[in-house]
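The primary structure of each chain is shown beneath.
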Amino acid sequence: MSNISAYLLMPLLAVVAIPFMKEKAKAIVTYLELLLVAGLSSAIAISAIVGGAEEYVFGGSAVTGPIRLQIDALSAWFILIINIVFITGGFYGIFYLKAYREQQKQISLHCIAFIVLHLSLVSLCVIQNSLVFLITWELMALSAFIAVIFEGDKMSTLKAGINYLIQSHVSILFLMLGFIWVAVKTGSFDFASITEYSQSNPTSVGLFLFICFFIGFAFKAGFIPFHTWLPHAHPAAPTHISGIMSGVLIKIGIYGIMRMLVLIKTDYTSIGYFILIISAISGLYGVMLAIIQHNVKKLLAYHSIENIGIIGMGIGIGCIGLGNGNQLVAWLGFSGALLHTLNHALFKSLLFYTVGIVYQATHTLNIEHLGGLIKKMPHTTLLFLIAAVAICGIPPLNGFVSEFLIYSSLYQWVQNATLVPLIVIIFSTLALVLIGGLALFCFTKAFGTIFLGEPRKKFVHGIHEAPAIQRIPLYFIALLIVGIGIFPQGFFGVVSHATSVLTGNRVGEFAPIQGSIADTLQYIGLASTGFIVLIVLMFLLRKLVTKNRVTTSSVTWGCGYVSPTPKLQYTASSYVRSYSKLFGHLLLIGQKEKPVSGIFPEHAALKTHPYDRLEKSLIDRPIRGIKSFLGKFVFLNNGKLQFSILYGIIFIISLIMIPLVYGLILDFFEFIKQL
Amino acid sequence: MLSLFLIVIAAFFFTGIVVRTKSLASGRKGPGIMQPIKDVIRLFKKGAVYSKTSSIIFQIAPTIYFSSVVMAMLVVPFGQSKGLISFNCDFIFFAYVLALGKFFSIISALDTGSSFEGMGASREALYSMFAEPALFILMGSFALLTGYTSFQEIFAALHIGSYLSYALATLATFVLVMIAMIENSRMPIDDPKTHLELTMIHEVMILDNSGFDLGLLLSAGYLKFAIYGALIVNLFVGMVDYQYAIPLFFIIQFLMAVVVGLIESFMARFRMNHNAQFIVALTSVSLLIFFGAILILGKFN
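Protein chains in written order, with the working numbering: chain C, 1 to 675; chain H, 1 to 301.
Do not take every clue at face value.
[Said to hold, decoys possible] The calculated label-pair distances, taken between Cβ atoms and stated as ranges, are:
| id | chain 1 | residue 1 | chain 2 | residue 2 | range |
| --- | --- | --- | --- | --- | --- |
| 1 | C | Pro595 | H | Ile9 | 55 to 63 Å |
| 2 | H | Ile296 | C | Arg549 | 38 to 46 Å |
| 3 | C | Val262 | H | Val8 | 46 to 54 Å |
| 4 | H | Val8 | C | Leu568 | 39 to 47 Å |
| 5 | H | His274 | C | Lys98 | 28 to 36 Å |
| 6 | C | Pro595 | H | Met272 | 37 to 45 Å |
| 7 | H | Arg42 | C | Tyr611 | 52 to 60 Å |
[Claimed, not checked] The following residues of chain H were derived to be distant from chain C, with all beta-carbon distances above 12 Å:
| id | residue |
| --- | --- |
| 8 | Ile9 |
| 9 | Gly16 |
| 10 | Leu84 |
| 11 | Asn88 |
| 12 | Ala125 |
| 13 | Leu144 |
| 14 | Ala169 |
| 15 | Val259 |
| 16 | Met267 |
| 17 | Gln277 |
Derived by calculation from the structure, the hints in this document are not laboratory data.
Since the structure is predicted, the reported quantities are computational estimates derived from the model, not experimental observations.
Virtual Cβ for every residue (Gly too), placed ideally from N, Cα, C.
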């Protein structure tokens with residue numbers, strides 16, 4: 001109990017104190033505070049994973065009823081992910097924000113938002129009272145909004161922030177709908193009443209309730225078609241916030257969906273198919289749009305949608321396994337989803353952090369302007385490369401492990417499925433394979449254009465590597481990425497505790513966890529280690545053989561052309577041209593062209609603007625419709641004082657009239673009834 | 001373990017036979033069977049020229065590419081004997097390990113800052129992405145048919161009994177041969193003989209490689225062919241004893257090499273923009289196999 005009071009009191013003190021401090025002190029206090037909260041919550045989380053669920057009950061108030069805090073392995077797993085990302089992201093952020101040292105007020109607000117964001121995210125994982133949950137959710141959404149609009153003097157940043165704010169409130173609307181529904185029917189705000197309500201009613205009620213919550217959480221997680229805020233908010237936010245948003249903020253949506261799966265007892269098979277299909281589409285759509293982006297952060301944002309899709313596929317398969325009573329499939333699916341949640345948090349935050357370093361060195365996010373950075377920033381290049389290989393799901397890194405689990409859940413499910421599930425399986429496999437292939441396409445493009453070749457644009461300022469101390473957290477993440485890749489069984493052991501919350505049986509009760517699955521993962525770990533060893537050995541062999549050979553350097557082969565310029569290089573757009581031609585019908589690429597003409601051609605140009613077809617039809621069109629409808633009433637708001645006073649008088653008179661009219665209406669109904 | 005030796009031996013001759021077949025088909029005598037290996041050994045002895053634009057990526061990529069192919073080779077079984085690495089769903093590891101090699105060969109092509117190599121890289125990335133689903137669906141159908149998920153168990157349990165299964169085996173062979181052609185950048189997807197950079201796929205990616213690195217890339221290519229050949233052999237030798245299976249292995253590898261040589265002698269390369277359609281069609285063939293498998297198991301009712 002005292003732990004929790006300290007846990008709540010310390011941040012409050014820090015939040016109050018921060019505005020009065022000097023710039024360095026602000027950073028240090030924020031980070032120390034972060035470490036304190038992270039340390040406390042991690043300690044509780046680890047003990048929950050090792051020793052089973054723990055529960056605390058607060059008295060609460062007359063409105064909320066008793067507030068129950070419960071930390072089981074599922075909450076603990078998410079808390080640990082949040083803490084890892086915040087500890088590394090906060091450390092990185094201290095150095096990232098050095099460039100903005102002059103904006104003291106902004107920094108104070110940012111530090112406070114950062115603390116509140118971390119605190120609310122951790123709290124969301126343990127709160128079991130719907131009213132308090134909603135308040136914390138709102139706190140999280142608002143603090144994230146403030147963190148995003150750090151550079152709020154830019155119009156585009158503010159716009160993206162407001163877009164995020166509105167959409168996260170639509171999300172809250174759906175959550176409120178779900179929670180209030182249950183609260184009205186059962187009279188209790190406790191999460192346990194959700195279980196009771198869904199158990200005591202037909203499954204269709206549970207289904208509707210789940211869909212309600214799913215939509216609410218899907219907004220946060222970024223499932224298609226609720227994803228449209230993501231590609232705007234990520235590029236607008238300062239990089240450490242982008243990393244944190246992509247790493248953990250959207251994962252809280254995944255946590256919510258998983259928590260609801262535990263709480264709502266209903267037809268898991270239908271839910272499973274629903275989630276699986278929506279996730280497969282999210283995954284494919286996300287990566288398809290990622291490929292055509294020019295802005296690196298936008299590209300990464302679309303990849304977040306893709307990875308949420310992969311996680312969702314795991315959840316979907318797990319649910320179907322649960323519904324069919326196929327425990328092995330359920331275990332593999334859920335474990336894959338949970339492990340991918342961690343993996344994505346790691347490699348995506350690493351990608352954002354490295355991109356942040358690139359941005360601070362070059363002041364641009366447009367990949368067509370970059371190139372050849374490997375020679376100036378070798379560390380950043382290495383880190384980006386590790387993360388890029390990991391996100392493509394390629395061994396020997398961590399992405400492979402979680403994707404492997406999801407694949408094997410599909411191939412296990414094949415064994416005893418009937419016709420319709422078989423068709424679903426085969427198309428899910430198809431989606432997963434295509435997602436992997438497209439991700440490879442996308443990241444070879446991103447890595448190749450940003451870091452390799454010749455610089456495409458001359459920068460007047462010098463380009464420098466980030467200071468070594470800023471790279472420490474990045475190397476730590478990279479180490480974890482490699483660690484999960486070569487030692488997957490250990491991490492799977494931890495994940496399986498969280499999975500057991502979802503599948504409903506204990507780790508010890510289900511034999512394959514220690515048996516076949518663990519063996520397979522151990523083989524993968526060994527094979528990955530062997531793979532790394534093989535590469536190192538081959539490289540040493542190569543060194544040994546070529547030691548006495550003559551090596552010369554020359555220009556790149558240009559078909560006999562001897563004075564190549566950097567402009568002759570293959571660009572990112574040309575790299576994806578064959579792809580965008582193939583998928584042109586599904587994509588939306590605006591094009592402005594000034595073609596080459598005449599015998600002595602002058603300036604020619606081609607500009608392309610990738611856009612989101614879904615955003616256009618689901619967000620832009622309706623908004624345009626509403627705007628044009630409301631535009632018809634603009635004459636009312638003509639800014640003349642007399643009219644405003646008139647409206648006021650009309651309003652007051654109509655208020656006074658209500659009792660009179662009410663009587664008339666009643667009389668009217670009476671009259672109709674008599675007829 | 002057995003598969004490892006067999007594949008390496010097959011790799012020594014495979015490309016030589018392809019080249020010889022092409023020579024004979026065009027009325028020439030042609031170089032000896034061992035000429036490709038001699039070429040590689042010659043390259044291993046040579047120095048190298050590196051582009052001023054290129055970085056460390058360009059120097060490590062061939063090594064990683066070669067290692068990834070070797071790693072994939074270790075997964076492939078032979079009949080009853082397992083590969084060196086064998087676990088449930090090991091074919092996923094097989095495909096994804098090869099993907100690492102692809103990743104590095106693509107970025108090494110982009111590392112040269114060339115105006116041509118990116119083109120090849122883009123095409124290779126796109127085509128191999130389209131080829132991957134066919135393999136996964138094929139393995140999914142086998143997993144459905146046999147009830148196992150590792151290469152060795154699947155192939156050991158796969159036995160051809162009914163007429164329908166003959167048809168499936170034929171289709172599977174076709175799919176595997178075509179995947180082999182795509183992965184190795186041969187006809188009808190890519191023409192290794194072409195002299196114009198604009199029409200190349202794989203060849204244009206390795207334009208700047210020389211010396212030891214080029215030797216590694218070439219030998220990885222030979223190995224890759226033999227690996228896919230070995231997969232095809234496995235379709236048929238699951239139950240066969242070793243004294244028949246081992247000669248059968250070499251006969252099928254030989255036949256495949258001859259077929260590849262003949263295809264390259266008598267067919268023209270597809271138009272570049274038809275390639276994608278062709279490869280996607282491959283996926284539908286493997287879907288056909290999947291539905292065939294459902295039919296065999298009688299799950300259609």
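Cross-check of the supplied hints:
1. A hinted range of 55 to 63 Å for the beta carbons of Pro595 (chain C) and Ile9 (chain H) is consistent with their spacing of about 57 Å.
2. Separated by about 56 Å at the C-beta atoms, Ile296 (chain H) and Arg549 (chain C) break the suggested range of 38 to 46 Å.
3. Between Val262 (chain C) and Val8 (chain H) the Cβ separation comes to about 52 Å, which falls inside the hinted range of 46 to 54 Å.
4. Restraint check, Val8 (chain H) to Leu568 (chain C): a C-beta distance of roughly 41 Å satisfies the suggested window 39 to 47 Å.
5. For the hinted restraint 28 to 36 Å between His274 (chain H) and Lys98 (chain C), the CB-CB distance of approximately 54 Å leaves it violated.
6. For Pro595 (chain C) paired with Met272 (chain H), a C-beta distance near 23 Å fails the hint of 37 to 45 Å.
7. In this structure the supplied range 52 to 60 Å holds for Arg42 (chain H) paired with Tyr611 (chain C), their Cβ-Cβ distance being about 53 Å.
8. Distance check on Ile9 (chain H): its Cβ is at least 20 Å (rounded) from any Cβ of chain C, clearing the 12 Å threshold; non-interface status holds.
9. Every CB of chain C lies more than 12 Å from the CB of Gly16 (chain H), the least distance being 23 Å, so the non-interface label holds.
10. Once the 12 Å rule is applied to beta carbons, Leu84 (chain H) is inconsistent with being away from chain C; the minimum gap is 9 Å.
11. Here Asn88 (chain H) does not stay apart from chain C, with its beta-carbon only about 5 Å from theirs, under the 12 Å limit.
12. With a closest Cβ-Cβ approach of about 5 Å to chain C, Ala125 (chain H) is found to fall inside the 12 Å limit, against its non-interface label.
13. Its closest Cβ contact with chain C, about 5 Å, brings Leu144 (chain H) to no more than 12 Å, contrary to its assignment away from the interface.
14. The non-interface label for Ala169 (chain H) is consistent with chain C: the shortest C-beta to C-beta separation is roughly 19 Å, beyond 12 Å.
15. No beta-carbon of chain C comes within 12 Å of the beta-carbon of Val259 (chain H); the shortest separation is about 27 Å.
16. For Met267 (chain H), the non-interface assignment is confirmed: its Cβ lies about 22 Å from the closest Cβ of chain C, beyond the 12 Å cut-off.
17. The Cβ of Gln277 (chain H) sits about 9 Å from the closest Cβ of chain C, inside the 12 Å cut-off, so the non-interface label is violated.
When each numbered hint is compared with the structure, violations occur for hints 2, 5, 6, 10, 11, 12, 13, 17.
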